[in-house]
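Just need the whole structure built from these sequences, with the hints factored in.
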Amino acid sequence: MTRPRILIVEDEADIRRFIRLALEREEMMVFEAGTAVQARIEAASRQPELVIVDLGLPDEDGKELIQDLRNWSSVPVLVLSARDREEEKVAALNAGADDYLVKPFGVPELVARARAQLRRASIVSGGGPSSSIARFGAARVDLATHQVTRADETVHLTPTEFRLLAALIRGHGKVLTHRQLLLDVWGPGYADRPHYLRVYMANLRQKLEEDPTRPHHLMTELQVGYRLAGLDFGA
Amino acid sequence: MMNDTRPDPDVLLEAVSDEEKESARGRLKIFFGAYAGAGTTYAMLAEAHRRQESGVAVRAGVVETHGRRDTGRLLDGLSVQPMRTVRYRDCALAEFDLDAALASDARLILVDELAHTNCPGSRHEKRWQDVHELLDAGFDVYTTLNVQHLDSLYDIVAGITTVHVRDTIPDHIFDTAQVVFVDVTPDDLLERLQTGKIYPAETVPQARQYFFRKGNLIALRELALRRVADRANSDVRAYRLHHAVQTVWPTRERLMVCVRADPRQESLIREGARLAERLQAEWTVVHVDGLSAERGTARREALRRLARLAEDFGADFANIPGEDVARSLLEHGRSRNATKFVIGPGRPSRWKIWRRPLASRLIAGNPSIGVIELGLAGAPPPRAAPRSRAGGGVVTPLILATLACAATTAVAAMLLRVFDLSNVVMLFLLTVVFVALRLGKLAGAWAALFSVASFDFFFVEPRWSFAVSDTQYVFTFALMLAIALVTGQLAARLRADARAATAGERRATALARVARDLSTALSVADIAQVSDRTIAPLFGVRTSVLVPDAEGRLLTGEAASFVDPPVARWAFEHGAPTGLGTQTLAASGALYLPLRAPLRARGVLAVQPVQGELTVDPDDRRLLDACCVLLALALERIHFAEMAKTTQVRMEGERLRNALLSSVSHDLKTPLTAIRGLAETMERARDLEPPERIQTSRAIRLQAEELRRLVGNLLDLARMQGEGVRLNREWQSLSEIVGAALARMSGSLADHQVVTRLPADLPLVELDGTMFERVLINLLDNAVKYTPPGSRVLIRAEACGGWMRVDVEDDGPGIAGGDPDRIFEPFTRGVRESAIAGVGLGLALCRTIVAAHGGDIAASGVDPHGTRFVIRLPQGTPPDIEQEDIG
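Note that the protein sequences, when read in sequence, are chains A and B. Numbering of the first sequence is given in the working numbering, commencing with residue 1 and proceeding in unit increments. Numbering of the second sequence is given in the working numbering, commencing with residue 1001 and proceeding in unit increments.
Hints are computed from structural coordinates only; laboratory data are not their basis. Be careful, since some hints might not be right.
DMTMM-like mimics (lysine to aspartate or glutamate), calculated; alpha carbons at most 20 Å apart, straight line [what the hints assert, rightly or not]:
1. K174(A) / E88(A)
2. K103(A) / D1761(B)
3. K207(A) / E1705(B)
4. K103(A) / E86(A)
5. K207(A) / D1761(B)
6. K1126(B) / E1053(B)
7. K1029(B) / D1171(B)
8. K1197(B) / E1053(B)
9. K103(A) / D1716(B)
10. K1645(B) / D1716(B)
11. K1785(B) / D1821(B)
Please read these numbers as outputs of a predicted model, since none were measured by experiment.
This is the structure:
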């Protein structure tokens, strides 16, 4: 199996260095760029399978780079940002990013997110999941038959709950913003009613998580959206 | 003939006696400052040295150096008079020795602090009285004074500083002395204060807290500058009063256009405007309101139009009361420093042919004021205009007079049987006097004619004819006519006087009431209320007070509904009356008057008539303008008071920030030192064993984590201070936020046992998710720091009684003694000087955030040990969620 190619776009050399060391230990091939200009060249020539972008670049806003990238590539983008304002995160996600990490972040977290994005990308590029069965934790969801079980016990979901869960599964671990989920599950009239999401997410957690207040899969990105972690496909 | 140049005898006498005294009297020079520490004493001593060098014998009677070294040094070389020791209630007080000064042979005496109050038992109660005596004895005196010691400014100063100054001096002392203003800017003063040049270092903080707040200083300086500027104006006036009263300072041309209440006089105003422009002169328009003049509506309307025209041309319109036109004009002209009267063509009076024309009377009255007589082109020849009279107003008295005379005739016919004819004529005389008194001159004359006619016709031989046989009755007729006319004239004047007095009284009372109500106003809202309750009823109008915001833009958001914001803004920005009844934007439904205070416009008064038209009687208009001035002054006073207050608040914030900074720098350096040390250890010790290396790098990571939390809190605090607490409220699920907080804290909480008790059916609550997550993280962080590993941390929530209650509880050692509430103060930690990092900023932040949500947070102990934080948030009513069918 070939080693996955990762492009790091970050102007701070030390941060680039530790990210590279961490990812190389995970058997990944790492390329570096310090500016947006360099990043465009690297991205075109190296064809990376994951791009890690710092939003605060010296020559350009990272968001613009992401938008450019999205014009010709569906490569997963993981955003690094020191700006912990929610609007910033939402803007980056809307620009086409798939996930984000707020600085300062830990190495294990970075590696986990990078792996999740690579896995998702491989599923998408492989023409979608090979199976209609999705699994996370003790839960098993059959997207074809709408069968949901937890620890082999049937779980009853309402149609909306199922649509929400299916939307999260289709995201394959990508952070889905409130707006994206509301439009997808409820339709255009509900885009500004995030409390719907909160109620239905709480229901899903009650039914599918072991400890609903400390979820391991149906993760909250506060003020931003939701993400399904630890997703697998196949029987 | 009257002599207009003759000054008021009392004024003259006063001036003369002043002058006499002046030659023998010493001169007073006041070194005037805005606040203590301005350097008035220093300036006084410096000036005294100069005088001494020029050969004047100087004696320092009393000089307060307040231990200021620079000032004390200046005393060297001056003859200093010892102080007198006065015993008062067991203490020895040092006082100025007046008798020693009087006995000295010095020419100039220095007496510091004019407003000082002498201790009981001294000759005078106040020091200024001592100074007065010195001046009377022929000594020159130099003294110092601060603005807060002026009687007239007592209230304002007390309002600004909240310090009540006990020692004040009467303003006339200040106004008659030579004044040197010793200026120092508030910033310089504060710097001097800080460096201990004003007060001993140990009292500086106290002084700064009370009197020497920057806001106070700015306001006091403004006040002092204004007071000195006022004095400069009054100096010119005083000088004029002093030197031959009739001479007018020809500083600049000042025209006074004198009009009659006649619409045709509009051209006179226009001509006056052109003339004023050519001469680059200031000008005013004056109308003398003859007391005996009739007050028909046509005349009022004419006056109104003249006043409006004058104001449109930018001239003030004055309607001055006075029976003698020339004398009133001369008086007014002199008081306003007029250089030229502009008058129209005279109106020859059929009845007053003996009177000289106005122009020559004005010239005779005061030759220093020129008279320009304009022959108005296009104006109709100056014929006596028939006095316009309202029909009912003239006919009714004539009918009444006729009836009275008829009745008198009837009564006289009866009386004639008993009395002699010459006595009966007295009855007619009585009637004439009575009619003239009650019904006016015209009716009196009519009654005289009618009486004479009927007396002649009915009673004088030959009867039943107008022929007169006895010539002595001709004399009776003439006499009766004269009496009727004179009485009528007198009565009319009396009535006019009474009317003018009543009107004046009404205005004065109204103004006094407005001023009194405004003096108690403490906010703009109070002032608006005074305008609504006191001013509006006075004129039968609705009013609304508009004030500008901090950037000087007029706020129209809270104005009454009748206010048209663009028109109000125009009036404010151009400082001119606008809207109804003016030439600008006259289509507007209301009149907008700028509220001009001495420094700048403070707002706009919108005036809307309750019904129909705005009365623009010049007198009413003047009263309204006076009210505007009062409003503007009140607004300015509040502006200054607020300025002092906000400066205070800002300084408080600065103090807090400084305390925070010094506290934070300690907490920042601790983890930084650890990180640096640990990293260097790893760098040098290459042979570090793997377990040790892991331990060291783990320690670095933990310190970095700590640093991150601290910086996070600091950034939050800075953001909240900069922008205020801005909440992004949404209907949130509490368990979701608890979950996010626990996920973020999972590393630190690894050694603790976390228990959550959140009911599944907990309602949504409206709050800012990120902010509330910070609250929980800070509380959890607190629990981690102050409990040993293995302790239990419990998060519990329930909804009850309209509140959502969230508890964060641990079973650690609890809060160390004292008030549990104290730990929410910034920079407080339960355990003093512990090695545990954190500025205690976290809990202060918690309280700020929870309070911004309208809730509260409290800490208490738990039995047998532990700490419980209880947050209460208002629950509100969550939005509905459409139910779906279970499929």
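Hint-by-hint comparison with the structure:
Note on K174(A) and E88(A): the hinted pairing holds, with a Cα-Cα distance of about 17 Å set against a maximum of 20 Å. With a C-alpha separation of about 35 Å, the suggested pairing of K103(A) with D1761(B) is violated against the 20 Å cut-off. Proposed proximity of K207(A) and E1705(B) is contradicted: the alpha carbons are some 35 Å apart, above 20 Å. For the suggested pair K103(A) and E86(A), the alpha carbons sit about 14 Å apart, so the restraint of at most 20 Å is met.
With a CA separation close to 13 Å, the supplied pair K207(A) and D1761(B) stays within the 20 Å bound. For the hint linking K1126(B) to E1053(B), the alpha-carbon distance of about 31 Å lies beyond 20 Å, and the restraint is violated. Restraint check: the Cα-Cα separation between K1029(B) and D1171(B) comes to about 14 Å, which is no more than 20 Å; the hinted pair holds. Of the supplied pair hints, the one linking K1197(B) and E1053(B) is violated, its CA atoms being roughly 27 Å apart against a limit of 20 Å.
In summary, the hint linking K103(A) to D1716(B) is supported, as the alpha carbons are separated by about 16 Å, within the 20 Å threshold. Of the pairs offered as hints, the one joining K1645(B) and D1716(B) is violated, with about 27 Å between alpha carbons and a cut-off of 20 Å exceeded. Of the pairs offered as hints, the one joining K1785(B) and D1821(B) holds, with about 19 Å between alpha carbons and a cut-off of 20 Å not exceeded.
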